[in-house]
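*Asks:* Sequence:
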Amino acid sequence: MSLLYTLHGASSRGFIATVSPTVYDRVLTIYSDKVGVYTVREISTVIADYWKQRTTSQKVLILFILTLFFRAFFSLSIGLIDDEAYHWSWAKSLQLSYFDHPGMIAWLEAITTSLFGDNQLGVRLPGYLCFTAAIVLMYKLTKDLFDEWAAIFVGAVMLWSPFWGFGGYVASPEPPFALAFVGAAYVFWQGVREDSERWTVKKTWLWLGVIMGLGLNSKFITALIAPGFGLYLLSTPSRRKDLLSPWPWVGFLIATVLCTPIFWWNHLHDWPGFRYQF
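Numbering of the sequence shown is given in my numbering, commencing with residue 48 and proceeding in unit increments.
Simulated from the structure, these hints should not be mistaken for lab results.
Source: prediction; values computed, not measured.
Careful: at least some of the hints might be erroneous.
[Said to hold, decoys possible] Once the Cα atoms are required to be at most 35 angstroms apart in a straight line, the calculated DSBU-like pairs of lysine-lysine come out as:
#1 K250 to K187
#2 K190 to K288
#3 K249 to K187
#4 K190 to K139
#5 K288 to K249
Full structure from sequences and hints, please.
*Replies:* So this is what it looks like as structure tokens:
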């Protein structure tokens, strides 16, 4: 049984060439030999040849990407759960903060629903993008700290664990919180590692201030990472001098300023968010 597949059109050729020049050359050979028609077996041969040429880490990356596409398709095929509908209602009535959480997820959903409509894509896109970015940063951080296999393992745990594998892609405060938490850890490590050249003390703490401030606008629990940074600096003789520079305190000030919406809204409403959380 044959599969009719013609490569007429620049868009098809450009896509295949971009994905893999090797596959593109192989398809061109088949195309010229079969005049635009080739069998399923020949298609399988192209795919098998491409797969054999990949390294183990590249194969894992391909599986990661395929899983992400599957998750995206899955998330677009089912309706919103109760919590997602609840947070979507926030995006329809924007506030500086809300009763049980700060407003980051509502602000992000307001942007995506205005672009893509009030549907699964518009509501879930912020969570999908945030959690995917968190996986990438966690992979890079773990690879820097240990090795590539450890990074692959951690990425797999985040991607396929029951909680994060599915909960990480719902429209809730967790995905932007996860991105801020992992992002802060990644930036901090880049700033304190001995071979760091691009990340000065100033750059590190300014970025940390922004990330922590945005994270606190997602979930209050983001603040728990800050004591860990402080303990590391205090327990590492070569980094104690960082605490004597103004930049950690400037970063703290930036994070505090970015939290102004939370404090102001709670002040106007008799502090319901803090009483609920604490």
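*Asks:* None of the hints should be skipped; say for each whether it holds.
*Replies:* Okay, the hints, checked on the actual structure:
1. K250 to K187: holds, 19 angstroms
2. K190 to K288: Between K190 and K288 the Cα gap is close to 27 angstroms, so the pair holds against 35 angstroms.
3. K249 to K187: The hint holds at about 22 angstroms.
4. K190 to K139: Violated, at about 41 angstroms.
5. K288 to K249: holds, 13 angstroms
When the structure is compared with the earlier hints, a violation turns up for hint 4 alone.
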